Structure formats: C-alpha cells, structure tokens
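**Q** Residues per chain, in single letters:
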Amino acid sequence: MIRTLFVEPVAILALAGVVLVGVPWLLYEDHPPEPGLTPYTPEQATGRATYVDLGCAYCHSQQPRDPSYAPDAERGWGRASTAGDYVYDSPHQLGTMRTGPDLFNIGARQPSVDWHLVHLFQPRAVVSWSIMPSYPFLFEVKDAAGPDDRVVTVPAPWGPATGVVVARPEALALAAYLAGLDHTYPARDLPLRSKAEPAAVGGAP
Amino acid sequence: MDRSFAILFAASFLIEIAALVMLIRAVARDQFGGLAAARMIFHPREFGVSEDPARPAAEDHALPDDLDYQTELAHRAVADQSSKWPVLAFLVSAVFWLNLGSIFGLLTALKFNLPDFLASDAALTFGRLRPVHLNLVAYGWLSMAGVAVSLWLIPRLVRHPLVGGAWAVAGAIFWNVGVTAGFLALLGGWTEGIEWLEFPWQIDSLLVVGGALAGIPLILTIRASGARHLYVSVWYIIAAFLWFPFLFLVANAPGVHFGVEQAAANWWFAHNVLGLWFTPISLAAAYYLIPKIIGRPIHSYGLSLLGFWGLALFYSHVGIHHLIGGPVPTWLVTVSTVSSMMMFVPVIAVAVNHHFTMRGHFGVLRDSPTLKFIVAGAMAYTLTSGQGSLQALRTVNQTTHFTHFTVAHAHFGAYGFASLILFGASYFLLPRLLGREWPRPAWINVHFWLSMVGILLYFVGLSIGGWLQGRAMLDGSVPFEQSVTVTLPYLWSRTVAGTIMTIAHLVYAVHVAWMVFGRAPAAALRANLSEVA
Ligand code: HEM
Ligand code: HEM
Chain Y
0 MIRTLFVEPV AILALAGVVL VGVPWLLYED HPPEPGLTPY TPEQATGRAT YVDLGCAYCH
60 SQQPRDPSYA PDAERGWGRA STAGDYVYDS PHQLGTMRTG PDLFNIGARQ PSVDWHLVHL
120 FQPRAVVSWS IMPSYPFLFE VKDAAGPDDR VVTVPAPWGP ATGVVVARPE ALALAAYLAG
180 LDHTYPARDL PLRSKAEPAA VGGAP
Chain S
0 MDRSFAILFA ASFLIEIAAL VMLIRAVARD QFGGLAAARM IFHPREFGVS EDPARPAAED
60 HALPDDLDYQ TELAHRAVAD QSSKWPVLAF LVSAVFWLNL GSIFGLLTAL KFNLPDFLAS
120 DAALTFGRLR PVHLNLVAYG WLSMAGVAVS LWLIPRLVRH PLVGGAWAVA GAIFWNVGVT
180 AGFLALLGGW TEGIEWLEFP WQIDSLLVVG GALAGIPLIL TIRASGARHL YVSVWYIIAA
240 FLWFPFLFLV ANAPGVHFGV EQAAANWWFA HNVLGLWFTP ISLAAAYYLI PKIIGRPIHS
300 YGLSLLGFWG LALFYSHVGI HHLIGGPVPT WLVTVSTVSS MMMFVPVIAV AVNHHFTMRG
360 HFGVLRDSPT LKFIVAGAMA YTLTSGQGSL QALRTVNQTT HFTHFTVAHA HFGAYGFASL
420 ILFGASYFLL PRLLGREWPR PAWINVHFWL SMVGILLYFV GLSIGGWLQG RAMLDGSVPF
480 EQSVTVTLPY LWSRTVAGTI MTIAHLVYAV HVAWMVFGRA PAAALRANLS EVA
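Just so you know, the protein sequences line up as chains Y and S, in that order.
Numbering-wise (numbering that gives the first Met the number 0), the first sequence opens with residue 0 and increments by one.
Numbering-wise (numbering that gives the first Met the number 0), the second sequence opens with residue 0 and increments by one.
Just so you know, the hints here were simulated from the structure itself, not pulled from any lab data.
Fair warning: this is a prediction, and the values are worked out from it, not measured in the lab.
Even for Gly, the Cβ is constructed at its ideal location relative to N, Cα and C.
One or more of the hints may lead you astray.
Here are some of the chain S residues that sit facing chain Y, going by a computed Cβ distance under 10 angstroms [stated by the list, open to error]:
hint : residue
1    : P43
2    : G47
3    : L219
4    : A223
5    : G258
6    : A311
7    : L331
8    : T402
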C-alpha cells in the first residue's frame, strides 16, 4: 500500500517528463538550423551574454506568433518563428512578457547600431513614452573622445552637462547582437506549425 | 478550429480520463486507510472541539483528566519536540527570505513606475532585481517554509519522532548557503538566464544536498513508524519530496538542453515547481489544519483520493501551456492545454471536500487566526486554479499570455494560496513547538488584513491592467505605445499593494522573532496542552 505511494507519483512524473521533455529532445536533437540562419559572430555572442545577464528577456519575448493567431507580423515583428531559428540559442530567451516589443527581428526593423546605443543609454531620449530602464553603466562620460572611442550623440536634455558619452565594449557588443537579430529569411519549418503563409517577412517598423 | 487539432484535443482528453479512472480503481482497491485515516488526526475527545494555539489565552480549556487522552497528547508533544530545531531553522530562515524577497519585489515594481530609479549600477537594474525577487520568494520563502511545515507535520501524522533531525538542521544550513550564494550570484550577473532556473547549477547542487538532508529524515520517519494508514497530508508531502528533486535534477542538468527543447524543459519544470512542490505542501497543511482547527474529520476520503491522483496525473503535464503560440509543435501544447482543463477535476474535488468539511463551522473563522489564513488560502487555490485552467485555453491565452495578467495570476497563486496557508500553519505550529503564546495575538489579525488587502489590490489592479494591455496588443491597428501607457495606473496600484504586503511581512517577521528569540509571556495552559504527561 505505502509502496504505491512511493512508486506511482514518480512513475507519473517520469511519464510526463518523457512526453513533454523527452520527445521534444529526440525530435530536435539533430534538428538542422534554418538554411538562412547564420551563427553569431564572437561580438554578437558576447552581446547576447549581456542581454541574458541584464535580463532583457523579462520584458521582451523572442517568439513572433503566427498571423492567424496574433498581429505580430503586422506590427513588424516578423514571421512566426520555428525550432530551426533557435539552434544556436543557449540559454533560450523566448520570454513570457511583452512589456516591450518582441525583439526576434529587431535587427531587420532597426539595423542602426547608433540608434540602439542612444536607446540603451536613455530610451526616453528616442521614445518619449518608454518605460524601459536606462543603462548608463554600459557607457562612460569622458571629457573628450579618444581615437578608438565610439561617441554616442545623445539628444539635448538627456546627455551629460559636459563631456561626451562613449560606449563601453559591452554596449557595442549588445548593440551588435540587437542589430544582428534578423530571422526574416524564409522558413523551412513553418508548415510544422501552421499552413498559413507568413503575411509579412520582415515588415515595416 | 483546425480539424486535426480538434481530433487531437478530444483524443488526449479521452486518454487522460481513462488514465484517471484506471488509477483511481487501482488505488481504491488497495485502500490507504479510508475513514479510519480521516479520523486518525484526532483523539475521540477532540471531535467537536476547536483547537487553535494562536488564539489568545482566554480560550483555554482545563487539563484533561482522561489518561488515554493524556497519552495521545504526550505522543504529539514528543513528535513536536523531535522536529523543533529543524522546523525552527527552516521557518526562521524562510521568514527572513520573505522579507528580503518582498523588498526586492517592491524595488522591481518601482522600476516600472520610475524607469530611471537606481539605474546607475548593473546590480540594481530591473533584469537583475526581478530574478532576485522570484528566486528569493520561491526558493527562500515558499520552499523553506514548506519544508518547515512538512517536517512538523510528518512526525505528528505518523506518530513517530522525527528520525535524523540533526541532518535536517544541516539541510537548512546548506539550503541557506545555497540561497545566499544564488542571491549574490544573480545580483552580480552570474545567471543561467532561464526563468525559474536562474541559479547557476553549481549553486543548485547546494540546494540538492540541503533538500536531501531534509527529505530523507521524512522518509525514514515514515518507514520507522511502521504506519499502516497514511493521512492524506502525508501522501502530498511524500509525493512533493519525491517530485521536486526529480524535477530539479532533470531541469538543471548542465549541457543537456538546447534551443526549443530547452524552453519546453524550462516550462515543464517551472509549472511543476508550482504544481508539484508548492501546491501539494500547502494542500497538505490545509488538509490537516482545517479539520484540526474545527474539530471535525475531512468530509470525504474518496474526494481526497481523486484530488491527489488527479493532481499527480494532470499537473505533471501542464507545463507547455506557457508556450502557447510559441515555436513548439501543436500536439505538445495540446497535451498541456487538455491537462490544464482536466485540472478542474482535482481542484473541484479539493474545493468541495474543504467546503463540506467547513460547512456549519464558518463561525470558527471569527476567532481563529490560523483558520482565517487557511480558509482564505484554500479559496484562493480554487479561484486561481480555475483562472489558470481558463488561461490555458488558446483563445484566452491569446490575450493574456505576454501581459501583466499572468503576473497577477502568479501572485494570486503563489501568495494568495501558497503563502497565506504557510502563514497560517506557522501561527499554529510555533506555540506548539515553543510552548509559548504569541506575544501579540492582535498582530496576527493585522498581518492577515494587510496581506488580504494587499493581494486583492495587487490581483485586481494588475488583472485589469494586464487584460487591457493584452487587448491593445492584439489589435494590430493600435500602436504598441498604447499597450504600455494603458498599464501605467495599474503598475502604480501594484506598487501600493506591494507596499502593503511588505508591511504585513514586517509585522510577521517582528512577531516571529519576538516569539522565537524573546522571552514571551508564560505559556498558557492550552498552548501547553500537548506537553502534559
Ligand atoms: C489548475 C491549476 C492552474 C492552471 C491550469 C494554471 C495555468 C497557468 C497558465 C496557463 C499560466 C501561463 C500564462 C502565460 O504565460 O500565458 C500560468 C502562470 C503561472 N501560474 Fe498558474 N495555473 C494554475 C494554478 C496555479 C497555482 C496554484 C499557482 C501557485 C502556486 C500558480 C502560479 C503561477 C505562476 C507563478 C505563473 C507564472 C509563471 C511565470 O511566467 O513565471 N498557478 N498558470
Ligand atoms: C511572498 C510573496 C510573493 C511571491 C510568492 C511572489 C512571487 C512572484 C512570482 C512567481 C513572480 C514571477 C511572475 C511571472 O513571471 O509571471 C513575481 C514577479 C514579480 N513580483 Fe512577486 N511575489 C511576492 C511578493 C511580491 C511583492 C510584495 C511585490 C511588490 C510589489 C512583488 C512584485 C513583483 C514584481 C514587480 C514582479 C515582476 C513582474 C514582471 O516581470 O512583470 N511581489 N513574484
């Protein structure tokens, strides 16, 4: 009698684990990347690590939904993502919140590294209603820029009173990661999820 | 609806129902103890007598003259004393983490209102404070308080002193070192980067050791007791202590998970932490304390059975409802959605069982501080679960998925249900363990009402805000901006609610510290009853 209590609950959980984790594991173990997907450059990979460690995913998803289900493509967030889009992603950053927009194709709609740098320094400098945190610690204020410095031009009330804002390497890597987030190539795996054709590939900002 | 989807949906529904029926038949044939088990938490003299050691002393009864009853109380006293130090170690730590976690929750909430507040340092950015909050309340507060309650309940329920209590105290030390290390790691930016699994696996291993040191004594105690009947609370606790390590090890295994599969593992784990770790322990406490406080056995043994096995079968499969609309196969989401709907079965079974046990005894709520917490928590369980099941439907999830609506649900469950029950249990057990009265019984009510007002404001405000946010986002012609601005007032109401809750936790912490470390007023007779003979 008591043995049932020790064996069955674990057996049930193991079964659930096989169905919900084991089968996907087998299914995707050797899953090839989407043909259009390129691996991250070393700089982008560094930027991705910063994205993970600053917890951007708690406000931004990276999983546009199908047009038949939600207007993500209409907002310019791109086609529905597929398993093959994520093969280089670990830890996964799919996210569960959209306090801010989906970023899976932010590089397609906002390829400018300069825009990202200003936005990271002070989101409200470019988007007045933003509630995204500012990340001033990714930047340095210097009296004058050195020869290798990337100067960030911050609009009027938001910059420092004196000196120039210079991006630290973390900011540059993060911006490079964002500018490279582009999964607008055609998807091989899409029929797995939906018969609907992607309404917008890329899309306008 | 797509036809193949509908067929899939119906088929998995049928399979799950068949599985449940088979399971219950199998289990019912070899009974866990039936009515006898439902009554085993009482001495015959206790039927119809309400017991709550958190009540002010005026309620005290006289010492029993009945030898048999005195022996029963002595057994209980021995059980309580055997678990005293382990329970105190886990509970006091939990209360500390609750307060620290609440302060971090509050800071996180303020970040939405004032995005440039504390922006100058990476350690204090939103994306670090949030996981700190989540992990402190999940692994510091809910887990440690849950372990404390389990360590107290099992010796009582199997009538055998805790075996290896010193190991459990060591477990509390390991667990605390783990949570402290995890806390510092997350502030410093060392994270696994996966929600609910942020602690690096090296640190997780401390929790594994700590959990094993606390869990193994429980199992040994049950074995040593030779008990033939196990009360329903014991089923939940045993199962929780088997499930959690299993889950934790599978989900944290380094280097195993990748890409989309990692997301599946992530959410399978995360919902199981809620459903198969926090939930069963809180339900175990409710199943013991409701009958105990009102002096009446649980209404239906059969329903307890259904509630337990239904939970085991369906909760274990719901995880992928966190990825509805995501890049995972439809069948996977379907399995979880169906299981989420099936969760109505065990949830209603538990609700009906508790309701009928309480029926005719709601008057006890007026003067029993513990019961207020437990009953409010049990009601929140039903409501939050019903809400959860609906939220798992594609049509509802479409609106609510990426919004603050989920956060409202999360707090209603983790706070309104799990935390309230743990609060109540701690108010009941500490007088028994320490042989002392609560120094200020009125503060218990203050705590209760602050918590209630806080969580209701939190839940109602964010639910409205989240729903509006979701509707705005779902309409492609509405600019994204609106989905942000529409939530602003509700994000403020959340901050106010969180402040109220944090004050409640401060009251609780001071009271617990006074109780444990202070020289509280002499123990009253009733609080001492269990130490007689
Ligand atoms: C029948 C029972 C329940 C069902 C079917 C259910 C369903 C759900 C669903 C569908 C979500 C995901 C929402 C989304 O991301 O779109 C969710 C989130 C959540 N639920 Fe429940 N729920 C149930 C009970 C509970 C209980 C009892 C608790 C607390 C102990 C709880 C705590 C949470 C938390 C903390 C989250 C947020 C997870 C995260 O995103 O980090 N739920 N629930
Ligand atoms: C002990 C009680 C508490 C528990 C168990 C708890 C639990 C949780 C959980 C599970 C989440 C993750 C939600 C999700 O991912 O959907 C969360 C997030 C959060 N909690 Fe709490 N919480 C508690 C108290 C508080 C308090 C007092 C506040 C103060 C306002 C607070 C504010 C927050 C905030 C701001 C978030 C982040 C939401 C977001 O990312 O959008 N929590 N909490």
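**Q** Could you run down the list of hints and mark each one as holding or not?
**A** Here's how the hints hold up against the structure:
1. At its closest, the beta carbon of P43 (chain S) sits 25 angstroms from a beta carbon of chain Y; the interface hint therefore is violated under the 10 angstroms criterion.
2. The beta carbon of G47 (chain S) is not positioned within 10 angstroms of any beta carbon in chain Y (closest approach about 30 angstroms), and the interface hint is therefore violated.
3. Interface hint at L219 (chain S): violated, since its Cβ lies 13 angstroms from the closest Cβ of chain Y, which is beyond the 10 angstroms cut-off.
4. Taken as an interface hint, A223 (chain S) does not check out: its beta carbon lies about 13 angstroms from the nearest beta carbon of chain Y, beyond 10 angstroms.
5. With 10 angstroms as the threshold, the beta carbon of G258 (chain S) comes within range of chain Y, its nearest partner Cβ sitting at about 4 angstroms, so the hint holds.
6. Checking A311 (chain S) against chain Y: minimum C-beta separation of about 5 angstroms stays under 10 angstroms; hint holds.
7. For L331 (chain S), the suggested interface contact is upheld, since its CB lies about 7 angstroms from the closest CB of chain Y, less than 10 angstroms.
8. Checking T402 (chain S) against chain Y: minimum C-beta separation of about 7 angstroms stays under 10 angstroms; hint holds.
Violated hints, in rising order: 1, 2, 3 and 4; the structure is consistent with all others.
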